[in-house]
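Dock chain B against chain A, hints included.
Each chain is listed here by its residues.
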Amino acid sequence: MAIESNRLSEEVLKDFFSDIHPPFEYDEGAVIEANRCINCYDAPCTKLCPTHIDVPLFIKQISSGNIKGSARTIFLSNIMGTGCSKVCPVEKLCEGACVFNLLKEEPVPIAKLQRYSTEKALKEKWNLLIRKESTGKKVAVVGAGPAGLACAHELSLNGVDVTVFEKEEKPGGLMTYGIAAYKVTPEFCKEEVDYITAIGGIEIRTGITLGKDITLRELREKFDAVFLGIGVGKTRGLKIPGEELEGVVDAINFIYNLRTSDYSKVAVGDKVAVIGMGMTAIDAATQSKRLGAKEVTMIYRRSENEKPCTDSQLDIARLDGCHIIWLAAPKEIIGENGKVKKLVCNKMKLGDIDSSGRLSPVETGETFTLEVDMVIKATGQLPYEELIGKSSIRAREGKIVISENSETNIPGVFAGGDAVNGGKEVVNAVQDGKNGAKAILTYIGI
Amino acid sequence: MANLQSSFLGIKSPNPFWLASGPPTDKITNVIRAFEAGWGGVVWKTLGTQIKNVSSRYSALNLNGKKIAGFNNIELISDRPLDLNLQEITEVMRLFPDRAMVVSLMADNDRNSWHELVKKVQDTGAHGLELNFGCPHGMVERGMGATVGQDPEIAGMIVEWVMEVAEIPVITKLTPNVHSVVPVGRAVVEAGSNGLSLINTIQSVTGIDLDTLVPNPNVAGKSVFGGYCGPAVKPIALKFITTLAQDEITCRIPISGIGGITTWKDAVEFILLGSGNLQVCTAVMLSGFRIIRDLCDGMNNWMDEKGYQNVADFTGLSLPKLTKWEELDINYHIVARINQEKCIHCGLCYIVCEDTSHQSIFKEDGHPYNTYKIKEEECVGCNLCKIVCPVDGCITMNEQRKGADYLNWKEFQRMGLPLNNH
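Those protein sequence lines, which keep their order, are chains A and B. Position one of the first sequence corresponds to residue 1 (the numbering used here), numbered consecutively onward. Position one of the second sequence corresponds to residue 447 (the numbering used here), numbered consecutively onward.
In isolation and in its complexed conformation, chain B is listed as follows:
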């Protein structure tokens, strides 16, 4: 069996799965249940300035009968008294000394408030701090949360304040509500942050009630942009994490990967793109803490199959495989092939290719089953047919190189090679 033990900035946990700061980590009852279920650590729900929450708070995006492809919330940071939270944090750490306890913070925008909050939390014995520079609703209007995370200067300044008093590792949590996370990432790294975590939620409207015309979630007939999360945001999170892991400055400190992690496969992908550990929130909000079993078990089995002993063995292994477009090999060419034995004649490959791609599939009418064949000379190797095919392994993409050697776009232009004429 592979070893899932994790050490992130020296914070140890039996597995790399932490619960992200959010509703599941806002009080002792939940956190005890999470640790009993096997979670490696928690980031306690953001403590800080006084707030009041509203009702309702969540909404979801369903897709073709699949409930909750995406999820959003307009809940704010912890609405419980600070002292009660600190007391509970201490108690949980006594009960589960082997688990990671990181506390999320968002103080008012002044040096003293930050200093005071950091010190109070450190007194609990917590293992680390996470600075919430990402919350996209409610706090933004007060110049906090994502407002901080969108401004490199302010973000860097607050990190400096925190580092003045911090005695435990500091992770800065970034917002994806920016065109690039790199400027803010660089600023907080240069200000001394020990680690980064991302993504926080994305501003969103999940939908509108078509009877009342009120967008979701409805609060007395009105709504606001909510923070989008869940499986739908995973691709965006992976992209942002990659940009930080590939940047020469931000790559210097570890990244805690967050954003739509639902299965062990998602988790492996986050690690492959440079995440040092993982944070999960929406998936447990939709299924409960019990999902930790398969997260660990699935990752463990995959590691065994691939021969990885530790999570570190495969951290960042996919990073070199994400490159710039102009470095891609233009001579690489693949062509679809339909396995007639496996084909169930649904015609989906045909109609998508015919209507929206390169008319590369030939339909031979039958009753009731048509036969579909690839016109190899027309196929551009786009994958669309393979993506829509409901049968695994029915459509395969087979290599038919256009030239033996690697050729990129710059070279292609320099050599004055001809463009396509279709």
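If we strip away everything but chain A, and leave its shape as in the complex, we get:
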């Protein structure tokens, strides 16, 4: 047993990491599906979209042959509409709300249709939203992730000159660095960011870290307002013996490596345990399997009913051959020569409802042991507690506290996205960015 890279041929890797939800191959396919939409009024799909895309309208526009209009409808509500069409857990959002579900019929493939029109816009570089003339107002946005970019775009549209500061080498945030490669490719992420910034008025400065290269005070002095879309950081620790062993990795780092180097160079174990059952856990498990791990076991401390991922995400893991163990929590990682050898788990049972509103996991006293050589932690990310703690920004458990109009306790400093909500979907971050921008426009008097 060993953690190795280069387990599979380049060809196989290419196949395994290709688009998991392929687009329509023919325009006719999109039109056929678009015509299935019955054009609901006060549509449930729109209501369950955090950015409130007018779904019936954009689908109608596909069926009428107004693809530009369709893409514009989407971008008016969600400038990352293309990315969201690839990464949104739509079965619990728009598609989950589609009225066809109530007839036990397949919902309209809203995400695929959204991808259809917006990808055309990206490819053809359609200039669908026009920036107002510059007002001379300047706003700093920290973090070029979905929240920051959505905020920057909305501000720029309204004539604000925006500077975005990003600590990584590339913009895009979680889209670029934290989502499984078979959902979005690095090339796509660049294309999407380029499309967003093509309206002008947005300067992205990468490799600049808040608290190190710049301070909030400086930003407050140089800009009319500041938006913090700094996201979340490291994965929550397991706090069990053996966590320091070689072979225990953080899911975010694992996916980051996958997204930043050749698949063939990313090392994975023979027998991998993934702790957690969120979207990132699913991504880590399926990507491990697709890198060539022989056995992947997902471990979750509650039962299937309480899982944070969606059924269809779980299906991907199952179809990839990942084992799932419900009601099990890691107790100890046993090593040999400093390397992971075994994972001991507590068998759990469900107890009372906890603060999350779900049935809580309770130890049964029984344990079992898995032979593994790699443990991937996907137990949720922690906020940048240290960074936020050092500032005078009010926070609760490391999450920035904002008012109803997205403002922090410091006047002129606004925030949104994972840094505020602790880690939700890309589409939630986009809406937060829009909300922040609207509040900032009021604040700076536009």
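Hints were generated in silico from the structure; no laboratory data involved. Only true hints are included.
Only pairs whose alpha carbons sit at most 20 Å apart, straight line, appear in this in silico PhoX-like list of lysine-lysine:
no. : chain 1 : residue 1 : chain 2 : residue 2
1   : A       : K104      : B       : K788
2   : B       : K809      : A       : K47
3   : A       : K294      : A       : K271
4   : A       : K112      : A       : K47
5   : A       : K120      : A       : K68
6   : B       : K832      : B       : K788
7   : A       : K339      : A       : K271
8   : B       : K513      : A       : K60
9   : A       : K331      : A       : K347
10  : A       : K331      : A       : K342
11  : A       : K60       : B       : K512
12  : A       : K424      : A       : K47
The following label-pair restraints were derived from C-beta to C-beta distances:
no. : chain 1 : residue 1 : chain 2 : residue 2 : range
13  : B       : G667      : A       : N66       : 25 to 33 Å
14  : B       : N829      : A       : G380      : 53 to 61 Å
15  : B       : T817      : A       : G380      : 34 to 42 Å
16  : B       : D811      : A       : L103      : 21 to 29 Å
17  : A       : D354      : B       : K788      : 36 to 44 Å
18  : B       : D811      : A       : S9        : 49 to 57 Å
19  : A       : G65       : B       : L732      : 19 to 27 Å
20  : A       : E218      : B       : D811      : 44 to 52 Å
21  : A       : E10       : B       : Q786      : 51 to 59 Å
22  : B       : T817      : A       : D315      : 29 to 37 Å
For each residue, glycine too, the CB sits at the ideal point set by N, CA and C.
Relative to chain A, chain B alone:
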């Protein structure tokens, strides 16, 4: 099993479905294939004066992803030599003696031309003649086709010429490009026509190519009005047929129903409004002759369910149910009801009622599903909500009479009853 055998003006066919005069019946190859597929008879594509066709010839109207709700053509009558057609007609009749063979005719507008053509066709042994007074393009400019069908005097005169030599039943095919088909219908009945058939196609422009700005179909950058047909014209055909079936003079002779028949249900409707048999063209042009199977099978099953032995048993049964507006019962009142168990919360009933009708539906906001309820006191019973509802049986219309007795508009006025105030 019900009996689908048909006899129209004594012309027998194993079922009441004939192929209408048109491209599917213009040569032996097609007609043999049609008879092999099970069609009861054909009306051979119009023979007559010399013509030349153009390219292209057809165009269509698509609707919300449904291809070909309507169809049109600018093709003329047969462009093949008359003798070849007559030879093929004879041959087909030899091969399929149990099928109906009617030949459509359009001669030049003189007595001799008509006499000559009728005689030649009769020599083939054909069972009947159909006079094409309906073609709305190409022939019109030469004073033929629909030009004849729009003028009672000319139409009657030609029928008289034909009847002078006709030895087999004569059906006159009428054009719908008139405000009423009754005057021409009366004229040809009085001139001795044995039967009527309608509708021919309706003058139309199906659309325009938004790149070239040329209307469809495009013939070297120009177009002309084409004859509209297909599912979209069915309601118009039913209306015209009803007016003839209800008229005291035109009702004397049988009607062959034509116009957008696509399914067995359409066919049953044509018969219920007085058609003695049916002619189909566009539906086979869009799917092939194989559709005859379900046309017959569906009608047969329906007849069995309803207990009809023969087509004649239900011919015209809906005619008394089409009346004049002033005879409708004003005291009849229905109110919509939404079955909440079946509702899928699409909101279509609400928005159409709210925007375009009587604001009779109440919306109770929910996340993500709203609840919709009828405000019974506001509902006028218009059916709109039920029509747009995507779930069968979800919205029903329930009777809540305004008064126990029948009351029509004339009585209503005479009694000085109050008008609505909404």
